[in-house]
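Chains A and Y supply the protein sequences, listed in that same order. Take 1 as the starting number for the first sequence in the numbering used here and just add one per residue. Take 1 as the starting number for the second sequence in the numbering used here and just add one per residue.
Derived by calculation from the structure, the hints in this document are not laboratory data. Model, not experiment: these values are computed from the prediction. No false leads were slipped in.
Once the Cα atoms are required to be at most 25 Å apart in a straight line, the calculated BS3-like pairs of lysine-lysine come out as:
#1 A:Lys355 to A:Lys396
#2 A:Lys396 to A:Lys255
#3 Y:Lys98 to A:Lys105
#4 A:Lys43 to A:Lys105
#5 A:Lys43 to Y:Lys98
#6 A:Lys125 to A:Lys105
Some but not every residue of chain A turned toward chain Y, in silico, with C-beta under 7 Å:
#7 Leu83
#8 Phe112
#9 Phe118
#10 His120
#11 Gly130
We treat Cβ as the ideally placed atom computed from N, Cα and C, and that holds for glycine.
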Amino acid sequence: MPADATTTNHAAGGVKPTRGGDHASSGTEGLGAAVSLVEVVKKYGSTTVLHGVTLELQPGELVCLLGPSGCGKTTALRCLAGLEEVSGGAVLIGGEDVSAVPVNKRDIGMVFQAYSLFPHLTVAKNVAFGLERRGVPRAARDTRVEDSLRVVGLEGFEDRFPHQLSGGQQQRVALARALVTRPKALLLDEPLSALDAKVRVRLREQIRAIVTELGITTVFVTHDQEEALAISDRVAVMNGGRIEQLGTPEELYRKPATPFVANFVGLSNRLRGVVQADGVLVHGRVLPVGSLDGASVGDEVMAFVRPEHVRVERVGGAGAGSGGAGGALAGDGHGMPGTVVSSGFLGSLRRTVVKLEVDAAGGSEEIAVQHGADDDYEPGEAVILTVAPEPVALQKV
Amino acid sequence: MSRNLSVGTAPRPWLRRLILALVTVLFLFPLLGMLEFTLRQTGGGYGLEHWQALFDPENARKYRAMFRGLGNSLLLALLVLVIVLVLIFPTIVLVHLKFPRLQRGLDLLTILPIAIPAIVMVVGFAPVYRWIGKNISSETWPLFLAYGVLVLPFAYRAIATDLNGVDARTLSEAARSLGANWFTVLLRVIAPNVRRGLLNASLLTIAIVLGEFTVSSLLSRRTFQVGLLQLNQTDPFGAVAMSLLSLIVIFALLVLVGVLTGKPRKVRGGRGAGGAGGVGGAGGAQVAVSPVAPALPGVPVGAAVPDSGPHAGPGPASLPETPHPGGAAAGPASPKEGPHAR
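Produce the entire structure from the sequences given, and follow the hints as far as they go.
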């Protein structure tokens, strides 16, 4: 198995040499050790939830498990934590097989989706709980609790009870509680999903900063792609109990390995076409593509096109669209005529949905385009769409 | 009318007061009847003669059997409490966390002691206690095994109701991930959060054990109720006075539980002072089980509290996210400041 990362399904992308990687090379005592899932299978009765998941994290790395509900991401995390017994395969923490080690002896820190602070204990006692279990002397315990609360920006909150804190503050205390024992790995199970949008963004940035500072190996489970892309060194996209793709956020977005990833990560338009020697024939127009991804000439495919890779232009007028699209314009013979269905203002940009006239029989297909907020289109307006030669993925149909 | 009774509309203040007054009278009436009875003097008129006689050393012989029964019942209450806290409580938590599929079965199982008539249970217990009497002890204390069965439905519901209001799974998993073993999870995490249920269960246990008559009488064991019955045959005034006294003690315990657990707790899941496990909730309703059956044969008043069931005594009715110091915007502290500085 390569040292950087592998999955059973796809070769892993490169690992960012930054963040935890710096700590890894220093060999300092107490650094987050590598965490691995090796061909992990999890079954509930006759139902298999994880189908041989393999994932390896470098010391100090933050990897997100991303996927829709029921894809197995939380189960994988719980197997890693020891909250679920694996049905097959192995879990390694710090190079040691801990598959049969109970959760309380795995030396991990965990933050849960639900608020998990002990309601009857103050913030300080919550944070000190793990240290008490490890027999840390009172004086050292108090110092570490104080330091840990300072790290999450909650000094002065020691004597409050959980019900006196907001949701975001509770999760920060939970983070402090998980970190104060200096665990080998930090496991976060959708810790932000119960929080409102602004707090989520602020807290995820704080989590990213803290784990980077501490160099702790972190697994973060989320179903929020934006969250995953924003904070991860790498993202493992899961589907149906398998890892569909493991790679950096950029790789996932720019080079999705499967149609599922293309669909799940970012917005995609799906255009049906036939592979030609010079591109994909879509609705009578040949779209230049960057790579055929193994498809052969004549294959029927579904091309996944990002909204920002489509340029929209008024018939006979000025156009708008992704500045970087660089697609052939209507005048080049690649433009697709269509009619604006709707145009929505999204703040810094605008998303316009255009109905393509695809065939003489009256069939039609809608495609979303993202462009500058200043270009407004009225429903019913005739436009020309041009696709940049970067369909994000091709799927044989 | 429809406006007054519409969903979500509270009864008007005068209606609330009327209902409260009616309920108070309903509960106080038999108690006042008992009090009146105990205040009747032998030579006519009212006085404290019978109450004073209870604590008069000269009457020690007369009341010896009853006080001995009271001592036995208190010992039994203690032993049954141990069963509740050491056996029943961990079992409920175990089923709740590890075997939730067994929950329904346990629910049904714990109803059986209520559903099965006491006489039938005694028939079942008899050979067991015959053997215990021959081989272990013929004293009263082995009765705690039978009483453990009798209190099971009440203790189970008081604890389970409270436990259902706590996210016990997440709390236990959080504690486990922090290095706690199951014993610590039970003692330090779960128990404090179902304190109300445990207190209610304990109170119910004491009340039921002190009020139990059928099993102990038919198995020929000396308990408080058996002693009261014997006393009633010679001194009905003293027997009713003792019944009233024990009711007052139980009422005081009830108030104590209310005070100890009455502080609202804002726990996720909407628990509070009026929560399901509260004194006024499901568990609390059961607290009204009579510890003693105050109405004894020949005594003109009924029970002060609702019938405690087939095992009752010998009576006829028997914050927003706020800025914080060094807050999120400032980012984490320097690694040199934190405990994890490398």
